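**Student:** Quick note, the sequences are listed as chains R and P, same order.
Numbers 0 to 504, taken from numbering that gives the first Met the number 0, label the letters of the first sequence in order.
Numbers 0 to 161, taken from numbering that gives the first Met the number 0, label the letters of the second sequence in order.
Simulated from the structure, these hints should not be mistaken for laboratory data.
Just so it is clear, the structure is predicted and the values come from calculations on it, not from any experiment.
Any given hint could be a false lead.
Covered by chain R, according to a simulated footprint, are these stretches of chain P (three or more residues, beta-carbon under 8 Å) [as the list claims (entries may be wrong)]:
hint : stretch
1    : 69 to 83
2    : 96 to 103
3    : 109 to 121
4    : 135 to 148
Here are the computed lysine to any residue pairs in the SDA-like style, where the Cα-Cα straight-line distance is at most 20 Å [said to hold, decoys possible]:
hint : chain 1 : residue 1 : chain 2 : residue 2
5    : P       : K79       : R       : K42
6    : P       : K79       : R       : K40
7    : P       : K79       : R       : D62
8    : R       : K42       : P       : S139
9    : R       : K364      : P       : H23
10   : R       : K364      : P       : D136
11   : R       : K40       : R       : A15
12   : R       : K364      : P       : A25
13   : P       : K79       : R       : E452
14   : P       : K79       : R       : T8
15   : R       : K40       : P       : G124
16   : R       : K40       : P       : D136
17   : R       : K42       : P       : H23
One-sided excerpt, in silico: chain P residues whose CB lies under 10 Å from chain R [what the hints assert, rightly or not]:
hint : residue
18   : V55
19   : D56
20   : R59
21   : N65
22   : R66
23   : D87
24   : V89
25   : H93
26   : D106
Where a beta carbon is used, it is the ideal one built from N, C-alpha and C, also for glycine.
So the chains spell out like this:
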Amino acid sequence: MSVHILIPTPLRRFTADEREVVVEAGTVDEALAELVERHPKLKPHLFGDDGQVRSFVNVFVNDDNIRHGDGGGTPVGEGDTVSIIPSIAGGAVADAETEGEGGTEAETEPDATPAWGEDNPVAPLAHLPELEAGELRRYSRHLIMPEVGTRGQRRLKASKVLMVGTGGLGSPLGLYLAAAGVGKLGLVDFDVVDESNLHRQVLFSDADVGRPKTEAAAERLHGINPHIELVPHDTRLDSGNALDLFADYDLVVDGTDNFPTRYLVNDACVLSGKPNVYGSIFRFEGQVSVFWGEQGPCYRCLFPEPPPPGLVPSCAEGGVLGVLPGIIGELQANEVIKLLIGAGEPLLGRLLLFDALRMRFRELKLQKDPNCPVCSENPTQTELIDYQEFCGMGEEPILDLEGWEIEVEELERLRADGDVTLLDVRSPEEYQIARIEDSRLIPLHELADRLGELDTAERLVVYCHHGPRSLRATQLLREMGYEAVNLAGGINAWSERIDPAVPRY
Amino acid sequence: MSDPQPTARRLVLMPRHRLAVETHAAATYPEECCGVLIGRALTDGSGTLVERVLPVDNERQDSRNNRYMIHPETVLAAEKEARRLGLDVVGYYHSHPDHPARPSEFDREHAWPGLSYVIVSVMDGTAEDTRSWRLEDDRSSFGEEELTPMIPVTAADRRADP
Numbered sequence: 000m001s002v003h004i005l006i007p008t009p010l011r012r013f014t015a016d017e018r019e020v021v022v023e024a025g026t027v028d029e030a031l032a033e034l035v036e037r038h039p040k041l042k043p044h045l046f047g048d049d050g051q052v053r054s055f056v057n058v059f060v061n062d063d064n065i066r067h068g069d070g071g072g073t074p075v076g077e078g079d080t081v082s083i084i085p086s087i088a089g090g091a092v093a094d095a096e097t098e099g100e101g102g103t104e105a106e107t108e109p110d111a112t113p114a115w116g117e118d119n120p121v122a123p124l125a126h127l128p129e130l131e132a133g134e135l136r137r138y139s140r141h142l143i144m145p146e147v148g149t150r151g152q153r154r155l156k157a158s159k160v161l162m163v164g165t166g167g168l169g170s171p172l173g174l175y176l177a178a179a180g181v182g183k184l185g186l187v188d189f190d191v192v193d194e195s196n197l198h199r200q201v202l203f204s205d206a207d208v209g210r211p212k213t214e215a216a217a218e219r220l221h222g223i224n225p226h227i228e229l230v231p232h233d234t235r236l237d238s239g240n241a242l243d244l245f246a247d248y249d250l251v252v253d254g255t256d257n258f259p260t261r262y263l264v265n266d267a268c269v270l271s272g273k274p275n276v277y278g279s280i281f282r283f284e285g286q287v288s289v290f291w292g293e294q295g296p297c298y299r300c301l302f303p304e305p306p307p308p309g310l311v312p313s314c315a316e317g318g319v320l321g322v323l324p325g326i327i328g329e330l331q332a333n334e335v336i337k338l339l340i341g342a343g344e345p346l347l348g349r350l351l352l353f354d355a356l357r358m359r360f361r362e363l364k365l366q367k368d369p370n371c372p373v374c375s376e377n378p379t380q381t382e383l384i385d386y387q388e389f390c391g392m393g394e395e396p397i398l399d400l401e402g403w404e405i406e407v408e409e410l411e412r413l414r415a416d417g418d419v420t421l422l423d424v425r426s427p428e429e430y431q432i433a434r435i436e437d438s439r440l441i442p443l444h445e446l447a448d449r450l451g452e453l454d455t456a457e458r459l460v461v462y463c464h465h466g467p468r469s470l471r472a473t474q475l476l477r478e479m480g481y482e483a484v485n486l487a488g489g490i491n492a493w494s495e496r497i498d499p500a501v502p503r504y
Numbered sequence: 000m001s002d003p004q005p006t007a008r009r010l011v012l013m014p015r016h017r018l019a020v021e022t023h024a025a026a027t028y029p030e031e032c033c034g035v036l037i038g039r040a041l042t043d044g045s046g047t048l049v050e051r052v053l054p055v056d057n058e059r060q061d062s063r064n065n066r067y068m069i070h071p072e073t074v075l076a077a078e079k080e081a082r083r084l085g086l087d088v089v090g091y092y093h094s095h096p097d098h099p100a101r102p103s104e105f106d107r108e109h110a111w112p113g114l115s116y117v118i119v120s121v122m123d124g125t126a127e128d129t130r131s132w133r134l135e136d137d138r139s140s141f142g143e144e145e146l147t148p149m150i151p152v153t154a155a156d157r158r159a160d161p
């Protein structure tokens, strides 16, 4: 009798990646014996030294646990499926086991009181600039609060803040820092305003589309507060210019959208001893913290290494709730102002997590990593590096894409020949916005369950918005024996290069 | 994927997932908690990414302060949920109330290689230490794998623009 034994994923390494092994057997015992004879490396994980199936290993014939039937003698018939399912058990170290282990490592409590505060703000200055009559009127609601007062406002006026990024986070940051009277505000961005920016980048108006962001931002912020100095840096921040740029400022705000720049901002801040007010967003979630190597942990203490490229979807791919950068950017602005005037408790050594859908704030405590490569006492990295390479975005592709991808022009030819099935793995919401004609929608997360709807004889071209999700789908389909290729650049490239009638989003 | 894959070296547990695990561990103190980690292998083969944390009930009726159990039926349901998401069950977590976050002999006997076993040490009701372990292929011992957070945030590619 041919019986199909499904191999649990973690054990497939011992069956040469076979998911299913077909054996001839009349009972469960016979089936398992045949299985481990064919794949001996499986044996110790299924059977104990006494030759019995391990107590935590359960065998199901079709949907029934054999423990509730005849155990190993349970008969199996033609076409039956045998599944091997662990029950998961364990527990704390028994008291006897801890003897001699020396207990837990001593926790080192970080110094909770930073050498920063009211008497020692970020930019302590002996001679603070005076406030003019117009400034006294403008900032009066600040001045009447003792926590700010004339001294705090003069400190703001004396302060120099560099904003890296003038997009989603940079918009509220810029608006509030300018309005609050930060004396010098540097704006770094290399991008131009795009229509798809406008749902969240509230610095810009419809008429700004196509303009350099730093130019449009400086103009708008000058309109809000003519008393401050605005310095547009229409350039891409890189390892060559970061330290020079940072040298002119007291504090840096991270409003970047990508890992290489985020690590660059962090490292350059550590090397130049400046605080880094960090914020980041994705879909409905955001994070805020203050990283400051001299006073506490830096970004690298929290995230020593970036995730592999392509793993974390970008905002362009995953989307972002327009109001989210508003909330996160304003939290950053709050931290900036506190640091500049030396008030309150900074978000130092703490990571604030915000979930807009559930409307929850949570806080994680962060510790300085004593082995941090940049901010520890004995750093292994004392200068800026190539951050594209550090983040795995150098020349090396993630996967060997040979034969895995086609360009949109090739798809157009294939469609003319008519022997291709076009599979869309985006969400139904995206499908509503735009689709390539005659494509079939199976969202990526449903794909594994809906493979039956596809025919292995079909030639599949898989697409998403820009390509990464469909690449994942292509990988899955290929593993399952389908002839699938990924559409490079996704529907966006199709719209740009083949059919402009398909809306871009 | 013809060659056997080396034992994964790191487990990516994003801050919110870590928080979920540690909150669960603190909530069930002084009893052990347990749950399922759903995710997938990192594309570069360097480890595992957790994408969902599924807390489940400790199905032991006795000794719940130092033992836990997840029934195979629960494991099956978790696997089904993982498949629905196009993912796999990549490991399990449990807590050690008032004990260090390292696996016991009992843990070793009841483990498989190829999975991550995350253990939270809960001291006096506070989650103090969280570590991840993988069983060696010869079942002789557990090796610790690096537990690393990752940002559930922003862009991995340069096109993006928040």
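**Student:** State for each hint whether it applies.
**Tutor:** Taking the hints in turn, this is what the structure says about them:
With 9 residues having a Cβ less than 8 Å from any Cβ of chain R, the stretch 69 to 83 of chain P passes the three-residue criterion, so the hint holds. Given as covered by chain R, the stretch 96 to 103 of chain P passes the check, having 7 residues with a CB less than 8 Å from a CB of that chain where 3 are the minimum. For a cut-off of 8 Å, the count of residues in the stretch 109 to 121 of chain P with a CB near a CB of chain R stands at 8, and the three-residue condition holds. Interface restraint, the stretch 135 to 148 of chain P with chain R: holds (5 residues with C-beta to C-beta distance below 8 Å; minimum three).
In summary, the hint linking K79 of chain P to K42 of chain R is not supported, as the alpha carbons are separated by about 25 Å, beyond the 20 Å threshold. A threshold of 20 Å between alpha carbons decides the hint, and for K79 of chain P with K40 of chain R the separation of about 26 Å lies outside it, so the pair is violated. A C-alpha spacing of about 13 Å is found between K79 of chain P and D62 of chain R, which places the hinted pair at or below 20 Å, so the restraint holds. This hinted pair checks out: K42 of chain R and S139 of chain P have alpha carbons roughly 14 Å apart, not beyond 20 Å.
With a CA separation close to 17 Å, the supplied pair K364 of chain R and H23 of chain P stays within the 20 Å bound. Restraint check for K364 of chain R and D136 of chain P: the C-alpha separation of about 35 Å exceeds 20 Å, so the hint is violated. Taking the CA atoms of K40 of chain R and A15 of chain R, the gap is about 10 Å. The hint holds against a cut of 20 Å. The suggested pairing of K364 of chain R with A25 of chain P holds, with an alpha-carbon distance near 16 Å, which does not exceed 20 Å.
The straight-line distance between the Cα atoms of K79 of chain P and E452 of chain R is roughly 19 Å, inside the 20 Å bound, and the hint therefore holds. A C-alpha spacing of about 13 Å is found between K79 of chain P and T8 of chain R, which places the hinted pair at or below 20 Å, so the restraint holds. Pair hint K40 of chain R plus G124 of chain P does not hold up; C-alpha atoms about 41 Å apart against a cutoff of 20 Å. Using a Cα cut-off of 20 Å, the hinted pair K40 of chain R and D136 of chain P holds, with the two alpha carbons roughly 9 Å apart.
Of the supplied pair hints, the one linking K42 of chain R and H23 of chain P is violated, its CA atoms being roughly 35 Å apart against a limit of 20 Å. Proximity of V55 of chain P to chain R holds as hinted, the smallest CB-CB distance being about 9 Å (cut-off 10 Å). About 12 Å separates the beta-carbon of D56 of chain P from the nearest beta-carbon of chain R, more than 10 Å, and the hint is not met. The beta carbon of R59 of chain P is positioned within 10 Å of a beta carbon in chain R (closest approach about 8 Å), and the interface hint is therefore held.
With 10 Å as the threshold, the beta carbon of N65 of chain P comes within range of chain R, its nearest partner Cβ sitting at about 4 Å, so the hint holds. With a cut of 10 Å, the hint placing R66 of chain P at the interface with chain R holds, because the nearest CB-to-CB distance is about 4 Å. Interface restraint check for D87 of chain P: the shortest CB-CB distance to chain R comes to about 5 Å, inside 10 Å, so the restraint holds. At about 8 Å, the closest approach between the beta carbon of V89 of chain P and any beta carbon in chain R falls short of 10 Å, and the interface hint on this residue holds.
At about 6 Å, the closest approach between the beta carbon of H93 of chain P and any beta carbon in chain R falls short of 10 Å, and the interface hint on this residue holds. Below 10 Å, beta-carbon pairs count as interface contacts, and D106 of chain P has one with chain R at about 4 Å; its hint therefore holds.
Hints 5, 6, 10, 15, 17 and 19 from the list above are not met by this structure, while the remaining hints are.
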